[in-house]
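Chains A and B are the protein sequences, given in the same order.
Going by the working numbering, the first sequence opens with residue 1, and the numbers climb by one from there.
Going by the working numbering, the second sequence opens with residue 1, and the numbers climb by one from there.
The set of hints was computed from the structure by calculation and includes no laboratory data.
Some hints could be false.
Capping the alpha-carbon separation at 27 Å, the derived lysine-lysine pairs in BS3-like fashion look like this [claimed, not checked]:
no.	chain 1	residue 1	chain 2	residue 2
1	B	186	A	18
2	A	43	B	76
3	B	78	B	127
4	A	43	A	57
5	B	244	B	260
6	B	3	B	110
7	B	78	B	244
8	B	260	A	18
9	B	78	B	110
From the derived model, a few chain A residues whose C-beta atoms are all more than 12 Å from chain B [to be verified]:
no.	residue
10	45
11	47
12	48
13	51
14	54
15	57
16	58
17	63
18	66
19	72
20	73
21	76
22	80
Some, not all, of what chain B presents toward chain A, calculated at C-beta under 7 Å [claimed, not checked]:
no.	residue
23	104
24	147
25	150
26	167
27	202
Every residue gets a Cβ at the ideal spot worked out from N, C-alpha and C, and that includes glycine.
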Amino acid sequence: MAFFDFFRKKSETAATAKDRLQIIVARERASTSARGAQSYLPKLQQELLEVIARYEKLDLDQVSVNLDRRGDCEVLEINIVLPGEARTERSLRPGITPVSV
Amino acid sequence: MAKVTVITSGKGGVGKTTTSAAVGAGLALRGHRTVVIDFDVGLRNLDVVMGCERRVVYDLVNVVRGEATVRQALIKDKRIEDLYILPASQTRDKDALTIEGIGRTLNELKQMGFAHIICDSPAGIEKGAQAAMFYADEALVVTNPEVSSVRDSDRIIGMIDAKTQRAVQNREPVRCHLLITRYSPKRAAIGEMLKVEDVLELLGIELIGVIPESPAVLTASNTGTPLVLLENTDAATAYIDVVKRFLGEQQPHRFIEQEKRGFFARLFGSDLATVG
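In isolation and in its complexed conformation, chain B is listed as follows:
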């Protein structure tokens, strides 16, 4: 049975699209047939982040309105087998999407054998964000350790609890996971940044991972490469961990504590240094 997961946050610019691309690619790399849908109608970006902007012909609005078939609109990734993208429209507005039309499209994708459907939500709490979350089974709430982002995440969690199909039908609630991005263990340690435990305490949902502030994120979007393909970078490692936890594998949390390296470890570049 296909699982629908919304990547959401309320606030813009916290890493929803980066996370959608990285998690979608990570799931596909592990052999799960995955489609990532861009719900940000009017401001599509998933296509550029995933490097397929020149291959967009039809989009989500065309499919929802019956102007094109799902098969015509899907873009198959050239690097990763089992990874597909359904882009957003750049010319229409968010009203072009209907809840019924989205439901029909998701059902069609399920019948095509997709194991994971990742919905990349637009920012805000309006219609577009509600459309992206409505059919979700699980949610990844992307949050920066910063006041406005935490506040907006709390609002979004409230909406997931109240306005999704699962909530309306009184079914088992959408499972919410917290993903903290742009985290700096060093700044948190000296009291300049909210700690992971602070954000967890405030939002009260389970932690699925911490992505450290990393130059790799910009490198990935500059080149249109899903982050998980930038092997041996901290952010890629962190996202691969997230994918493993999402699939139910035990994976201890990393990148929360500042990496402690002793004097000799620094001097000799020893591998004895602990990764927090």
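Okay, chain A solo, but in the shape it has when bound:
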């Protein structure tokens, strides 16, 4: 079938390679955190907890701190669920705007 292959237009696969690599590299840089970007997160979580505990009785498991990548910027997301019967599942999240790092 070499005769027919000759007429078939070759696709430009280098562009596909570049697109794939951009995604792979971005994901792996985030997960290996070569620059130590995520290393302070556990400590941040602990300290936040201590501050909030001065004002509210808190459950250790009710605070989550995450670092996400959205497009070009990193988003630090802090989610705190306050206890209490009247306001179960009330989240502080709307009050905390994402911080671009």
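Once you've looked at the hints, dock chain B against the given chain A.
Chain B in isolation, oriented as in the chain A frame:
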């Protein structure tokens, strides 16, 4: 002050040993006392690429473990003054190397007056590769214009940024240079191969040179001759350019664009044709 340079890549088979031999020989040819160390313990190859496999008596593991002196293990090149090789062990495994032992060996080489210490890293990201990069001042990251090689290079650059002595001690970071090997300007031009600019954009480190895909590379390893001695070949010319840039000389990049030769130039073999 001696400069320690690691030749690394993550992926195997992209040209680390060829580059170590060529750059080491190129530096020595320009009068810099240079030693090339093979860190690929268990799979040594620098000795065959540099044509001194029959002269290996002691190796890096012997020196690191104090079983031989550096002077006993060094092999002096017979063609190039100022060029020395410190071979790897073929029988031991990578655990035989210790970071402290390597540090002691490098210090001894510095005291012997070497200007350049080239560390030829094994493939992978494990202990052997980390041992080769730990004391580096500069790094040559060897990359083929191909997805797996670019991905692995990115990992290695991340490790250089985090796990070298300079990183651990918060000193000025290791200077990373990108060397693209096995490049075909023709295939890149028609979209079959990643372009130099694509790889640069993805990896974000400075370009030190582009080595074109060349039959000279196999000729050099077949005969155990450092590539830079194969004068007038494209790959040798490209490596000599790399050495000049490494030494801080201004040298415009070549072998990136397809050589354009007009109809008449091809017909009459004119030298007017531009070298890209």
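The hints, checked one at a time:
{"no.": "1", "hint": "186/B / 18/A", "in the structure": "18 Å, holds"}
{"no.": "2", "hint": "43/A / 76/B", "in the structure": "54 Å, violated"}
{"no.": "3", "hint": "78/B / 127/B", "in the structure": "32 Å, violated"}
{"no.": "4", "hint": "43/A / 57/A", "in the structure": "20 Å, holds"}
{"no.": "5", "hint": "244/B / 260/B", "in the structure": "25 Å, holds"}
{"no.": "6", "hint": "3/B / 110/B", "in the structure": "9 Å, holds"}
{"no.": "7", "hint": "78/B / 244/B", "in the structure": "23 Å, holds"}
{"no.": "8", "hint": "260/B / 18/A", "in the structure": "26 Å, holds"}
{"no.": "9", "hint": "78/B / 110/B", "in the structure": "22 Å, holds"}
{"no.": "10", "hint": "45", "in the structure": "23 Å, holds"}
{"no.": "11", "hint": "47", "in the structure": "24 Å, holds"}
{"no.": "12", "hint": "48", "in the structure": "26 Å, holds"}
{"no.": "13", "hint": "51", "in the structure": "30 Å, holds"}
{"no.": "14", "hint": "54", "in the structure": "35 Å, holds"}
{"no.": "15", "hint": "57", "in the structure": "40 Å, holds"}
{"no.": "16", "hint": "58", "in the structure": "34 Å, holds"}
{"no.": "17", "hint": "63", "in the structure": "28 Å, holds"}
{"no.": "18", "hint": "66", "in the structure": "21 Å, holds"}
{"no.": "19", "hint": "72", "in the structure": "14 Å, holds"}
{"no.": "20", "hint": "73", "in the structure": "17 Å, holds"}
{"no.": "21", "hint": "76", "in the structure": "21 Å, holds"}
{"no.": "22", "hint": "80", "in the structure": "31 Å, holds"}
{"no.": "23", "hint": "104", "in the structure": "29 Å, violated"}
{"no.": "24", "hint": "147", "in the structure": "5 Å, holds"}
{"no.": "25", "hint": "150", "in the structure": "5 Å, holds"}
{"no.": "26", "hint": "167", "in the structure": "10 Å, violated"}
{"no.": "27", "hint": "202", "in the structure": "5 Å, holds"}
Hints 2, 3, 23, 26, counting from the list given before, are not met by this structure.
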